[in-house]
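Residue numbers (the numbering used here), protein chains in the order written: chain A, 1 to 115; chain B, 116 to 229.
Check before you lean on any hint, since a few could be wrong.
Stated by the list, open to error - The calculated lysine to any residue pairs, modelled on SDA-like cross-linking and capped at a C-alpha distance of 20 Å, are: (1) Lys94(A) with Gln170(B); (2) Lys94(A) with His211(B); (3) Lys159(B) with Val87(A); (4) Lys159(B) with Phe180(B); (5) Lys156(B) with Ala29(A); (6) Lys110(A) with Ile47(A); (7) Lys159(B) with Ser26(A); (8) Lys42(A) with Gly155(B).
Simulated from the structure, these hints should not be mistaken for lab results.
Residues per chain, in single letters:
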Amino acid sequence: GENVEQHPSTLSVQEGDSAVIKCTYSDSASNYFPWYKQELGKRPQLIIDIRSNVGEKKDQRIAVTLNKTAKHFSLHITETQPEDSAVYFCAASKDYGGSQGNLIFGKGTKLSVKP
Amino acid sequence: EAGVTQFPSHSVIEKGQTVTLRCDPISGHDNLYWYRRVMGKEIKFLLHFVKESKQDESGMPNNRFLAERTGGTYSTLKVQPAELEDSGVYFCASSHSPTLETQYFGPGTRLLVL
Numbered sequence: 001g002e003n004v005e006q007h008p009s010t011l012s013v014q015e016g017d018s019a020v021i022k023c024t025y026s027d028s029a030s031n032y033f034p035w036y037k038q039e040l041g042k043r044p045q046l047i048i049d050i051r052s053n054v055g056e057k058k059d060q061r062i063a064v065t066l067n068k069t070a071k072h073f074s075l076h077i078t079e080t081q082p083e084d085s086a087v088y089f090c091a092a093s094k095d096y097g098g099s100q101g102n103l104i105f106g107k108g109t110k111l112s113v114k115p
Numbered sequence: 116e117a118g119v120t121q122f123p124s125h126s127v128i129e130k131g132q133t134v135t136l137r138c139d140p141i142s143g144h145d146n147l148y149w150y151r152r153v154m155g156k157e158i159k160f161l162l163h164f165v166k167e168s169k170q171d172e173s174g175m176p177n178n179r180f181l182a183e184r185t186g187g188t189y190s191t192l193k194v195q196p197a198e199l200e201d202s203g204v205y206f207c208a209s210s211h212s213p214t215l216e217t218q219y220f221g222p223g224t225r226l227l228v229l
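Go ahead and model the full structure; you've got the sequences and the hints to work with.
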């Protein structure tokens, strides 16, 4: 089955710096890759997603890149702010087969942005 | 539009007891998922409903876990009897389409088995 590895497990940056979180997946059939942000005590919320027919997607300070050949995808946050501090989860899923739609998550990255 | 809701928010029970968790998905969402996060580990898939039918329950740990979604609306997840390793945060998520679409998560139920 699918396995998603996420690095680093913790990341500390200064306000205004960039942050990069990387994930690799094992199942080449995976074709949907969402990123969730979970603030302390709150629910995971989707911040950006990418489908396998696209190599890069950007939304203001957040961008995601996907390399299907290498089976890895990354989250990039520019001009970080203290409110970006949270745990970020990457995930992978596919749109066919018995497990269609089921999200397979990485272990999470705890991002701390220091003022 | 109301988001996914879960009840209770917290539950502390003793080993051997029974606990039932409830999830109310976003209205109109046919797809409902249960996930679990054990302390320090990844969020893991448990099962997926399409309306009232179990599409995939390959992630259910064992037969102490029973999920239902009668009528295709809210869902319950019962753990009986609970064991120490069942402690964690149980998330419910829902989506309109089963694939390539945002899954909206509930706030989770924090279960502690003593």
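Do the hints match the structure? See the list:
| no. | hint | in the structure |
| --- | --- | --- |
| 1 | Lys94(A) with Gln170(B) | holds (14 Å) |
| 2 | Lys94(A) with His211(B) | holds (16 Å) |
| 3 | Lys159(B) with Val87(A) | holds (16 Å) |
| 4 | Lys159(B) with Phe180(B) | holds (14 Å) |
| 5 | Lys156(B) with Ala29(A) | violated (24 Å) |
| 6 | Lys110(A) with Ile47(A) | holds (15 Å) |
| 7 | Lys159(B) with Ser26(A) | holds (16 Å) |
| 8 | Lys42(A) with Gly155(B) | holds (16 Å) |
In summary, the structure is inconsistent with hint 5 from the numbered list given earlier, while agreeing with all the others.
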